[in-house]
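Colleague: Going down the list, the protein sequences come from chains E and D.
Start counting the first sequence at 1; every next residue gets the next number (the numbering used here).
Start counting the second sequence at 1001; every next residue gets the next number (the numbering used here).
Hints listed in this document are in silico derivations from the structure and should not be mistaken for laboratory results.
None of these values were measured; they are calculated from a predicted model.
The C-beta atom is built at its ideal place from N, Cα and C for all residues, glycine as well.
The reader is advised that the hints may include incorrect statements.
For each label pair, taking beta carbons as the anchor points, the in silico distance ranges come out as [as the list claims (entries may be wrong)]:
id : chain 1 : residue 1 : chain 2 : residue 2 : range
1  : D       : Lys1052   : E       : Thr186    : 37 to 45 Å
2  : D       : Asp1051   : E       : Glu314    : 44 to 52 Å
3  : E       : Arg176    : D       : Gln1049   : 55 to 63 Å
4  : D       : Asp1272   : E       : Asp268    : 47 to 55 Å
5  : D       : Asp1051   : E       : Leu5      : 48 to 56 Å
6  : D       : Thr1199   : E       : Ile187    : 56 to 64 Å
Sample of chain D residues facing chain E (criterion: CB under 7 Å; computed from the structure) [unchecked claim]:
id : residue
7  : Asp1053
8  : Thr1088
9  : Asn1114
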Amino acid sequence: MSARLMQGDEACAEGALAAGCRFFAGYPITPATEIAEIMARRLPQVGGKFIQMEDEIGSIAAVIGASVGGAKAMTATSGPGFSLMQENIGYAAMAEIPCVIVDVQRLGPSTGRPTSPAQGDVMQARWGTHGDHPMIALSPSSVRETFDLTVQAFNFAEQYHTPVILLMDEVIGHMRERVELPDPATIKRVERAGTTVPPEWYKPYENFPADVPPLVPFGEGYRYHITGLHHDERGYPTERPDEVQPWLERIVRKIERSLSDILLYDQDGIEDAETLVIAYGGTARSARHAVELARERGRKVGFLKLKTIWPFAEEVVEHAAERLHHVVVPEMNLGQLVLEVERVVGRHKVRRVNRADGEMIQPAEILAAIEEWEWVR
Amino acid sequence: MGKVSKQPHESRLHERYLRHSKKFPNVWCAGCGIGIVLGAIIRAVDGLQLDKDDVALLSGIGCTGRMPVYVDFNTLHTTHGRALAFATGLKMVRPEMKVIVVMGDGDALAIGGNHFIHAARRNIGLTAIVVNNSTYGMTGGQYSPTTPLGALATTAPYGHIEQPFPVAELAVAAGAPFVARGTVYHVQELEKYITQAITKQGFAVVEAVSYCHTTLGRMNRWGTAPDMMRRLKEQSVTLKQAAGMSEEEKQGKIVRGVFVDRDIPEYTQLYDQIIVRAQREAA
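Bound conformation, chain D alone:
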């Protein structure tokens, strides 16, 4: 009954958060997972009762980069790979704002890989959501930093010979205080992780595993969007389940869960202390 009583409220979310003046439909292919991530972000923001004026949604370039234009926040569609660097400047001058950055895997980890690891190391208070579909969808299915070994891509017509980045593990190693991985199948879990990430003081990363059925999926005969959605359901395990599995059993599995949740001083708060100190010494 809880879910039923939530219905009237849910049905008003699009009125409250989508831009009425924006010409719909959106750019995404039918069956794409990116809209599911956007829905999770909207429900997380709504659940936290954030003032829309205090929320900034930034993106880079690519299919995921088109996400901000549809929502009624302060939205900034930046250049390829640089969304975290733009967000760093914005967060420093507007530390009270909730700055959420959405990126694809190529955007966040190839062209923007340097900004990703340094934002994590610096621990600036941004929410970084990486929609990982393992390819460059907008340009038609080239291999990305998370394309699986052996997969076909338009730029790997004989099969991919590079190892993929494990996004969540990379973020943990780079120093992020909060890192979680969910999938676009496990929507409520994803919303929960995004809520935790927005609430976290510091650089919080959520990897949302998705798919691209129109490029990589088609080339590799991985089936339709529902087929690929089913794979997310069947091939993913929780961190708890993974703990009891051998390395061989974990091969090809998507491990979901909160990989780290630790307290590390946040950058803009530390900088405020720098200002106090500099002004005291100057006086």
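Just chain E, same shape as in the assembly:
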């Protein structure tokens, strides 16, 4: 495919289509509206369907309904809409329905600043819905990466039968970059596994190898029950303690046992580094530049860019930071993912760089934090 000038939101829509997304339901909200607009135009061209629902709650509900019908399905929103979707995101986790939820983060809380970038929904992405549950969240830092991670989000959703959140930010959503998209033939697409068992023997939530249930789309001859209540292997509600907790542990385990597949990150210069910078999303661009500036000044700085932010890359961070004196974590919030970093490497090693004023963090601010450590030492 030839190079194009493309916006992050557009790359997200094109990535979804390339992944096989054939259903989108959404509600207008800045800075994610472009994704809905593009899907409204593009989906029917490929035989897919778009609907603008009456609110974000209806949007995620329609997405789950479409996925139950067998379609790869997605919605896109920003913070306020993401908050409204939380109950049904939990439903998708509980009932194990694949779907992709895009949150193009803007500055919150509340209406906040709709056109300003932020990374304030990191914890909401992990813990926004009630109860214990697994969660996969990916965060791109460029337009091309938005395309790739959107494809990846669908693949994870279909492979693990779980909702996957693509946590973009306003900078990435609205930024235009020259991108070269991959040849569609080379894109890896994961399709729902289904079952080989005949309908009369079929149990939708039977504990299969890899802990992923063989859910068959509605309308294909396998009649069964799906509920947000705790349920047994047939999908029927259960109140038995010996069924409830093992089941809950299974849906968490199905993600945790596949971390080597799910944890995506880039790292460089970690081997001989004295300071490590950990960043994700739009902030990773400033961080990368700061790392380069510091190296020009002779500092030994390693860089770890997280693409998968949930589950948190605990062992990766632990391993990268174990010989290091300092870790710098810049975020466009008052400190969210840094809590995980501090938990893993210890608070004494970590220097936070935070902005929640609607502006991006400048490389100079991160550079100052890197050099401040040197001075302290």
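Dock chain D against the given chain E, drawing on the hints supplied.
Modeller: Quick look at chain D alone, frame taken from chain E:
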């Protein structure tokens, strides 16, 4: 004699449509009207000779929300108020399926009111059955959007001061092409309305007026389940009868019948035309 000859067939309905693997009894109180609505749905589906694989039964939360688990269709028990939105997604990707949505009055009209009016306006091909018992039964008798003015409820201990929604009239105003109201006393009529609703191209609403004798009925001293069933019989009139009554005479009456049956283009069929057009323009 017609009814007698129907008996052997009727007796097999539970074998054909109830889930053998599901642990019975059901969650409903003895004397509840919800099972009667479920029976009417089963007989309607059977009468239409629909393939069970092509039928989806969805619900939200509440006593009525527990209906789908017992029947051998594709069943989806969703979140409170959102069943119509889940059903919208399912119907769009499986337009050939008969998608039936059962909701209580609180589910359909309070928390789910927005989805209800918009599904009607959009005219997507769903069958929406609202079991109206005028209360939140599962949580113990709080006032709902259809609780009568002046009634006692656990959250209206001094009497209810809000006006109730007329469900069928609301659905007509919101644009639904088919709207009927029946009661759980008039079972055969209810089955007929549900049959018509399933057959209708578009968003078809059936309000099934029921009661809750264990919460609202008990608090208001409206009597036992048979007493409340008798009230449905005695206090309801047909649309035809209502036409000849004054406003005062109609006070407190339940008006039964088909309120509207009109042809409006159905959403998924219109969307198919969008696909044809988009693909032609892209080519």
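Colleague: Please write out, lowest number first, the hints stated earlier that are contradicted by the structure.
Modeller: 6
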